[in-house]
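Everything in the sequence shown is counted per the UniProt record's numbering, starting at 1 for the first residue and increasing by one.
There may be inaccurate statements among the hints.
Label pairs and their computed distance ranges (CB to CB) [claimed, not checked]:
1) S122 x Q187: 29 to 35 angstroms
2) V274 x E146: 44 to 50 angstroms
3) Q36 x A363: 48 to 54 angstroms
4) W237 x R25: 32 to 38 angstroms
5) E61 x A313: 46 to 52 angstroms
6) P184 x L147: 19 to 25 angstroms
7) A351 x L288: 16 to 22 angstroms
8) S122 x L340: 33 to 39 angstroms
Straight line, CA to CA, 30 angstroms or less: simulated BS3-like cross-link-like pairs of lysine-lysine [what the hints assert, rightly or not]:
9) K144 x K81
10) K227 x K241
11) K227 x K81
Since the hints were made in silico from the structure, they are not lab data.
C-beta atoms are modelled at their ideal positions from N, C-alpha and C, and glycine is treated no differently.
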Amino acid sequence: MSQLTGAPPRTRLVEIVVPVHNEQRVLDASVRRLHQYLTRTFPYGFRITIADNASTDRTWEIATALARELPGVRAAHLDEKGRGRALRRVWSGSDADVVSYMDVDLSTDLDAFLPLVAPLLSGHSDLAIGTRLALDSNVVRGPKRELISRAYNLLLRGALGARFSDAQCGFKAVRTEVAQALLPAVQDEEWFFDTELLLLAERHGLRIHEVPVDWVDDPDSRVDILKTALDDLRGMWRVAKSGAVRVAVPARRQTTPRERLPRGMARQLPVFAVIGVISTLAYLLLFLLLRAVAPAFAANAVALLVTAVANTAANRRFTFGVTGRANAMRHQLEGGLAFLVGLGLSTGGLAVLHLIAPEPSTAAELAAVVVANGLATLVRFLLLRTWVFHPRRTAGTGTSR
């Protein structure tokens, strides 16, 4: 018997499963931290699923409360324990593009999450794992766990020919169609689940992407190391005896350039480009008119200021869909940073030109400011998208789409 509560799926979705058993102490803080991080930095749709494995404390109560409060969070309850069982339950029914999981203690630095899933969304790889054993990884843990981990992975490579470096790191992702094809052939329901999935993937020639991670051991971890080690050895023996299990694995799908863009950018870029062309033409016309009566530096500053104000207003309305007067002045002031960047670049370009040729032609001056404003346009788009009109900052403001 299972229960589900939470939010509906979103386009280009990555599902992050957080398996838990009696984690009332850390669950609320960890999920809030993860949700805040993804909302602030993750450029794709996401869903966090808390998979409660037969907890006997307040874990399920906390999970359902989080699902009711936080958008994009849901909770699933299982009557039996087992991390593999929890992942199978959620991944099998997922409609996301990529499914993943991470430990509830968030031992792995979250900055590794986008590098983990990006190759799967682009179609480059089929599975992705965080590795604590790469030279670029930064790991803080005791010598006993370090020794056991290295010995286990060495045994996998020696006995079963595994080529992946870290089977046990609780930070993995899979293309959903690949996961759903492999899951029926994976027998383990607990800690060996990860290793069995990876071994099966390798035997089918699937591409496994590895991401070096920063990882800090949780001193309060309640994993029974001895029992887990014995279960893993039994799992390795079973896999070795069973030989090659064949499943129908879907072909790797190559995404289009449009799909590889972060959410919303495919629509925003062409609108921004049209506004940019109109703004540039208006700027050049103003510059030429003012240049007839003022020095190049003054003409550039005035023309740039006028068109920057108009450009920010047009992008506010048409590129990022923000309407109404609320925060309009704040948006102009913040967009003014792009004006300052453009002013600095164009002034610098004119200064270099006048240093090289004390009396340059108007055509040369135009060429200098056009190049400078081309660079400033890129800065403007990034600034407007990631800060001024970021969805998190415009929430509650009138929008047209």
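Hint check results:
1. S122 x Q187: 29 to 35 angstroms: 31 angstroms, holds
2. V274 x E146: 44 to 50 angstroms: 56 angstroms, violated
3. Q36 x A363: 48 to 54 angstroms: With a Cβ separation near 52 angstroms, Q36 and A363 satisfy 48 to 54 angstroms, so the hint holds.
4. W237 x R25: 32 to 38 angstroms: Between W237 and R25, where Cβ atoms are some 36 angstroms apart, the hint holds.
5. E61 x A313: 46 to 52 angstroms: Hint holds: Cβ distance 49 angstroms, inside 46 to 52 angstroms.
6. P184 x L147: 19 to 25 angstroms: 35 angstroms, violated
7. A351 x L288: 16 to 22 angstroms: 20 angstroms, holds
8. S122 x L340: 33 to 39 angstroms: Holds, at about 35 angstroms.
9. K144 x K81: Given that 30 angstroms is the threshold and the Cα spacing comes to 26 angstroms, the pair holds.
10. K227 x K241: 21 angstroms, holds
11. K227 x K81: 15 angstroms, holds
Going down the numbered hints, you'll see the structure goes against 2 and 6, while the others check out.
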